[in-house]
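Work out the full structure, taking the sequences as your base and the hints as a guide.
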Amino acid sequence: MNSENIRAAREKAVRGERLELADALALYQDNDLLFLAECARSMKERKSGKSVFYNVNRHINLTNICTSNCPLCAFQCEEGDERGFVLEAADIAKILEEAQSVENLGEIHIVSALHPHKEFSYYLSVVRQVKAALPKADIKAFTPVEIVHFAQMTGQSVEKILLLLKEAGLSSLPGGGAEILSDRVRQIICPNKATADEWISTIKTAHKLGIRTNATMMYGHIETIAERLQHLFTLRDIQDETHGFQAFVSFPFHPAHTSLGEKYHLQRTGSWEDMKMLALSRLILDNIDHIKAFWIMLTMPLAQLALGFGADDLDGTIGEEKIIHAAGAKTNTGITRSRLRQMILEAGYLPVERDTFYHPVKEGEA
Amino acid sequence: MYCSDKYKDIEKKVLSGERLSKEDGLRLFACTDIAWLGSLADTVRKRKCGDQVYYNVNCHVNLTNICISHCKFCAFGRDKEDRGAYAMSLEAALETVRKAMQDPNLAGLHVVSGLHPDWSFEDYLSRLAALHEAFPSLYLKGFTGVEITHFAKISGLPLKEVLLKLQKAGLQAIAGGGAEILSDRVRRELCPNKATAEEWLEAARTAHSIGLKSNASMLYGHIETMEERVDHLLTLRALQDETGGLQTFICFPFLPHNTELGKTVKQTSIWDDLRTMAVSRLMLDNIRNIKAYWVMLTVPVAQLALGFGANDIDGTIHKERILHDAGAASPTSLSEDAIIRIIREAGRIPVACDCNFNILREIV
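These protein sequence lines map, in sequence, to chains A and B.
Take 4 as the starting number for the first sequence in the working numbering and just add one per residue.
Take 21 as the starting number for the second sequence in the working numbering and just add one per residue.
Among these hints, one or two may not hold up.
To be verified - If you anchor each label on the Cβ, the simulated ranges turn out as follows:
| no. | chain 1 | residue 1 | chain 2 | residue 2 | range |
| --- | --- | --- | --- | --- | --- |
| 1 | A | Arg21 | B | Glu43 | 40 to 46 Å |
| 2 | A | His260 | B | Lys286 | 27 to 33 Å |
| 3 | B | Ile243 | A | Glu349 | 43 to 49 Å |
| 4 | B | Thr245 | A | Leu353 | 44 to 50 Å |
| 5 | A | Pro194 | B | Arg103 | 53 to 59 Å |
Claimed, not checked - Here are some of the chain A residues that sit facing chain B, going by a computed Cβ distance under 8 Å:
| no. | residue |
| --- | --- |
| 6 | Leu36 |
| 7 | Phe38 |
| 8 | Gly87 |
| 9 | Gln249 |
| 10 | Ser274 |
| 11 | Trp275 |
| 12 | Glu276 |
| 13 | Ala350 |
| 14 | Leu353 |
Derived from the structure by calculation, the hints contain no laboratory data.
These numbers come from a predicted model, not from an experiment.
Positions of the beta carbon are idealized from the N, C-alpha and C atoms, including for glycine.
Set out below in structure tokens:
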């Protein structure tokens, strides 16, 4: 990468033009963090003005017993393990009862494991149960990895599975499990779950059915920088075709308590790298409306700073996050609405409480 | 760089090397365009210091936590009879350093302590001399303007005499603490029992006059106004114009845990921390080095501060005590490898230095 490439890429970034992989590599190598921040922030303001979104949500992890045994994961365990749990209807009813008391609860986020015996009907009835208890909340549930698992388990098509879930009350998919969409990488970090192609085709099918999703990336493990950046371009290509992604969320890999971390002696990426990836994703994903700073993963201070680096969504107030905390995340498992709003205001932006589809919940906001 | 037109005049001044005014400083503290602000500070950093980032491999020696000042922002100081109160004997101080010497790269000591009610100046001086005698290869930085003022008071010696004795005993640089906010309103409220603003400045001035360099700091995020922050920076800038003896400036966000003041004051945000870092770089146009002190800022914030004007990340430290008593969330020490990794990820060149910013090793 010579200085001419870097100069050209910087010019494109300043003008907000579409970047190519070579540009992204040049900007990555240039490593001018505050320059990237300035460009990303100005793209954010072109897309969402001064608004920064958040929602009031609850996470439910139905089970941590999982057949896929991904080396990247600290959450899953095998059947018979004393840490294992499965939420049954009565447990879920308790969570929902608590959720009913939350003012303006907008979304229930359900992500779980690939349980060896739980049948698809279990998941369908969970969706129905949530919908019945919280008719006003949107249900954002099941990653493409889980959807592929349901299809394999039942012998039904992905399309059929998605239709059944939609009928039961599902509104959108969270988009997790993308990790890095490269089969070389997936062979090492998650060999037993949906392949890159399966993830992509599931997402496209969902978009075709009018089910919107998020797009995600998990970085900072064994992927090369080219693979990491290529992942973003893969997402951009999908979006050009379907326009079904609402937001992009990136997850720095938390190596603690994972076999992948141990085997490859991986260290958590630094805050510099996290902010750099955030700004670069804003610039590369020019066709995705929202970039989420997921505070559970980033920690609250970095999530707030991310608002100056191109992010326009602070995710939700959450309750009882389990997956990332199993990997040693030191963040709280919940935050209050007023605290979130205050963080946004301090960054010079306007807090907008949103629903799943980024509609403002309160009149007069956004 | 692009900024809203609102700040074009400041940007122009900075790029042409013109000095910023008090008014400019106040406007920058109100600026929410953090990327622009950081970028501007980063431009100045690059122009002044290039891509090298200083770090040191040192050991903190806190001789005692027994202290008469009872500053409201402090969680370290104790009364003699309090639980956890300690005062190191000469032998205990030597033992602390002997342990730290297991690190073959250990280059120096940072000696900062409480104002012990029963210790004489000689008690401090003899410990310093013993450390220097036992470990002549280690650089010695220590004693804040507050301690030096205290030594002058308890010994009846003039400041200059105190400093000459310390220098003779092996002291090579003065630590930057104790400046807090150099405003008597703030000091009367928070730390009425120690050096006043003028006394702190006089200690620094006198040190500089005998060729002892010192550091300067600011403790922010408590009861001070933004104007007091800016005035603090301007006071240091004026001192530096006069003496040229300030080597590095360190921003300390107030850590509220376990302090009297923490009952009413909340911890600063990352937004405030990085903005303060950048504004300090921009206002202090005559101080070459700006330190991102990871112990207080936390490692992630300190790393990012390298993009907001900082060119110094302090050191590996062995067993930091003062700030961890105030609930600092950072580890009590970092390995040299970790520091090098942090600096490299930011695209900078790690350089190990001594307490006078002499380069000991460049890590290529």
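Verification of the supplied hints:
1. A:Arg21 x B:Glu43: 40 to 46 Å: Since A:Arg21 and B:Glu43 have Cβ atoms about 41 Å apart, the given range 40 to 46 Å holds.
2. A:His260 x B:Lys286: 27 to 33 Å: 32 Å, holds
3. B:Ile243 x A:Glu349: 43 to 49 Å: 19 Å, violated
4. B:Thr245 x A:Leu353: 44 to 50 Å: 26 Å, violated
5. A:Pro194 x B:Arg103: 53 to 59 Å: 54 Å, holds
6. Leu36: Holds, about 4 Å.
7. Phe38: It holds, given that the least Cβ distance between A:Phe38 and chain B is near 6 Å, below 8 Å.
8. Gly87: With Cβ-Cβ at 32 Å, over 8 Å, it is violated.
9. Gln249: Given a least distance of 24 Å, the restraint on A:Gln249 is violated.
10. Ser274: Since the shortest Cβ distance to chain B is 3 Å, the answer is holds.
11. Trp275: With Cβ-Cβ at 5 Å, under 8 Å, it holds.
12. Glu276: For A:Glu276, the interface hint holds, since the closest Cβ of chain B sits about 6 Å away, which is under 8 Å.
13. Ala350: Nearest chain B Cβ about 6 Å off; hint holds.
14. Leu353: For A:Leu353, the interface hint is violated, since the closest Cβ of chain B sits about 12 Å away, which is over 8 Å.
Of the numbered hints given earlier, the model fails hints 3, 4, 8, 9 and 14; all others are met.
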